[in-house]
Each structure stands twice: as C-alpha cells, then as structure tokens.
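Asks: Here is how the chains run, residue by residue.
Protein chains: 2
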Amino acid sequence: MHLFYTPDIAPAHPQYFLSEEESKHAIRVLRLEAGDEVQLIDGRGGFYNAVIHDAHPKRTILNITSVTPEFNKRNHYLHIAVAPTKNIERLEWFLEKATEIGIDEISLIITQRSERKEAKVDRLNKIITAAIKQSLKAYHPILNDAVKFNQLLALPFDGQKFIAHCEPGDRLDLRKVIDPQGRYLILIGPEGDFSPAEIELALESGFKPITLGEARLRTETAALEACFEVNFLNRL
Amino acid sequence: MHLFYTPDIAPAHPQYFLSEEESKHAIRVLRLEAGDEVQLIDGRGGFYNAVIHDAHPKRTILNITSVTPEFNKRNHYLHIAVAPTKNIERLEWFLEKATEIGIDEISLIITQRSERKEAKVDRLNKIITAAIKQSLKAYHPILNDAVKFNQLLALPFDGQKFIAHCEPGDRLDLRKVIDPQGRYLILIGPEGDFSPAEIELALESGFKPITLGEARLRTETAALEACFEVNFLNRL
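Which chain is which? The protein sequence lines are A and B, in order.
The numbering of the first sequence is numbering that gives the first Met the number 0, which starts it at 0 and goes up by one.
The numbering of the second sequence is numbering that gives the first Met the number 0, which starts it at 0 and goes up by one.
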C-alpha cells in the first residue's frame, strides 16, 4: 500500500494533484506509474482509494476511485494534556505511540516544575503525521501549542476531566469512574509531578484525581499508560 | 534518594563495599560523606537501606541498616518473547518502558521475517538496569539471549502461553482468557508479523492466539501493549 497524507482533499473531489514533494516521492522514489493504485487520508476521517492518472514527477494527477468517510472512527474522544519532557525525544515517542494506540488531541502544558518551558509543535506534528501513515489512521490527532497550566484549566471541555498525580490523598481508579464511550481530558504532570497547589487548583476546576497504578512512571510513560487505559476500557 | 544496583549483596551482609566505579560516583560525583544514607537493590527483590561508613572514593564502605525482602513483589509473572526490531532503539525503549510498567522476563526471538538476526544483550541489560533504578524496582527483569523461534517454542513454561498475531482467524481477548495472578508467556512478532507456518507451529505447541485490539501497532508497541494489558488486568 502507498499511503499519502493529503489534508487539503475533500470527499467531493474527483481528482487530486500530489504536491511537488509527494509527486517526486511517488514517481522517483516509489517508481509508481499510471494505473497504479495509491491511498490517501485527509486527517479528518476520510480514506481515499485512487489511481495514478498522470505519473508526472512534479505534479502527479490521481483519479479518486472511492472514498470511505469516518474510516475506523474511534468510539470515544481522548484529550491528554502533558508537560513536555526535559528530553524532547521522550515526548516525541509518546506522540508516536499514543497515535498508534489511539488519541484525538494533545495539549502541551507548562507547569510549575516543568524544566522545559516550550516545544516546537511543527516538528512534533511531523512525528504524528508519520505515525498515522504508519498505523493507517484516517484521523490526524490535534496537537495544540504549549499553554500555561492555568490557561488549560480555564479552557471549556465537555466531558470527564481527570488529573493523574502521585501526591498523597484519595485517587480514583479509571476502571471505576470512566463513562464508556465518552469524552475525556487527562492531565499528566512533569518530572517531579504537579505541585500541590496545581493539584488543588485542578480539583477546584472540576478535575477528578486518578491513579495510574503503583508503578513509578516517567512522564511520557504515565501519559501513555493513561492513553492505554482509556483505549482498553473502551475496547468493545 | 541515592540508589545503587548491587546484585552481589545478600540480606545477611552487615556491610557492603561499593565497586570502584560506584564508589567514585558516590563520593566524587554525588559528593556523599560518611553518615549519608543510600539505598541498594539486589535485583532479586531485596531493598536495602545503608549508611556510608567510610567515604573512600575507590572502596566506599556501607553499613546496612535495614533490609526489605520481596520489595514491591509483583502478583504475577510476565515473560514476553519479542522479535528484535530492525531499529534497535525501538527494542531499547520497549525494554525501558516494560521495566517501568512491570515485566519479569524478556526473550529475543529470531523469526522467519526478522530483519535483525541478533542483538547485543549486554547493552540492552544496561538499559533495563537504568530503568529499575529510575523506577525504583528491586527485581531486575531477566533478559535472555536471542534464540530461534522454534527453540523458544520448545522451552518448557509452566503457565499460560499466548501468541499475538494479525493473521485472519479466531483470536482471543486477554480480558476473557487470562487467569488472574498467573504466569504468562506472550509471543510478539517482527515487522511483517509471524509467518502462517510459525503461527501454526505455536498453536500446535499449546500457544493460544490473542488479539491486542484493532489498531495497527509496531512490533515494540504491540509488545508494550501486551505488557500494559497483563499488568492492568492483574491490578488489584
């Protein structure tokens, strides 16, 4: 299968022109020819079958032969807000793995104990795009620009809101409190966890405290654990 | 906390001498002094509290003050046999993450479609050791040398045996077939999955076929998903 990510295509289009870069890749690298089949995903759930009409190395023309909307649509909505790791590669692999396992939206939050105060979203988005192509996903997870913890708490979210932390106190088990096939926003702290003040503020903002088990997990592992649990608990 | 991995210590020992390398790290790098507290793990479940008796930079002497055997003993035994990934870094992060989440034994299997036919266990073991120190585990997962797929099938294993694959046919859901707090051996295939012949051979050898969900996962992600599921299903 030869899959291309083409966010500017729409289901109504009978034809599509690959970008110069994609054309070069298709014709020069993959050595595709007129009549060969390729697939396109638009990142919004659309999965397209197409045939190469003109194998032009700079402006390949495709005829769309079929469209599947809402391809492998997920049965829930998962938004994870995580503090970027000091070592950016750890955040990068979380994004790749979460995309494979299943996630809809990621926010990067700058917290009191964050060692990293910023993250380049463009580069991170390229990793997500590579992951959806590799794992054959028609929905492109949304990656939001980094915001301060307080700003994120203030954003409206229609669904269940959780904060995962390691401080003492009652923490709920997702297995017991999650609404099946719902919408979830989960906060994951930095190395060193959220500060007690941040946790207090989150609880006041309607977030419920959860545990991800007794194991001591790195930030990116905790974020992936949350992603895994939500997907597993929603698996039919 | 200053944690050292000291596999040669035993609960009966009243004192312990750090290796030259560990001594240098403790005294020159961490700048620890006589009277300072440190912790030791022996990799077999023993967690030790100790106090520096002689802060010698090449031969630091520790007095053991207390020992906790079976520290955070897991309630099940998980052995994952996985085909080493072409890109060794992907296997390395699986080992780090599985150690954080919880695993007891890892075998590396060379399969029909394996692009990588070998893997240096020494280097991989260093990654596991770093992970147990980071995640405060007193048990050091066992990493076995790479063996051929057929050889692994022939090894005796007292517990449930599963093979995760993506070929057509009935595949079971771990949630429905796993015996709680049991012993499990799970096979994870290479990029390109196990061959139908390998799957057949595994079934004949008493392995039950399982699915890890509908998502298309990379080898290392599938192995971690299996690790997640087993730990999650055994979480009390």
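Treat the hints loosely; a few may be bogus.
Note: identical chains are not told apart, hence a pair may lie in one copy or across any two.
Derived pair list, reagent style EDC-like, types lysine to aspartate or glutamate, alpha-carbon separation capped at 20 Å [stated by the list, open to error]:
{"hint": "1", "residue 1": "Lys175", "residue 2": "Asp192"}
{"hint": "2", "residue 1": "Lys125", "residue 2": "Glu20"}
{"hint": "3", "residue 1": "Lys207", "residue 2": "Glu21"}
{"hint": "4", "residue 1": "Lys72", "residue 2": "Asp103"}
{"hint": "5", "residue 1": "Lys175", "residue 2": "Glu199"}
{"hint": "6", "residue 1": "Lys207", "residue 2": "Glu114"}
{"hint": "7", "residue 1": "Lys72", "residue 2": "Glu199"}
If you are wondering where the hints come from, they were derived from the structure by calculation, not from laboratory data.
Asks: Work down the list of hints and note, for each, if the structure agrees.
Replies: Here's how the hints hold up against the structure:
no.: 1; hint: Lys175 / Asp192; in the structure: neither (23 Å within a copy, 35 Å between copies)
no.: 2; hint: Lys125 / Glu20; in the structure: within (15 Å within a copy, 41 Å between copies)
no.: 3; hint: Lys207 / Glu21; in the structure: neither (45 Å within a copy, 43 Å between copies)
no.: 4; hint: Lys72 / Asp103; in the structure: within (11 Å within a copy, 36 Å between copies)
no.: 5; hint: Lys175 / Glu199; in the structure: neither (22 Å within a copy, 39 Å between copies)
no.: 6; hint: Lys207 / Glu114; in the structure: neither (25 Å within a copy, 46 Å between copies)
no.: 7; hint: Lys72 / Glu199; in the structure: neither (35 Å within a copy, 32 Å between copies)
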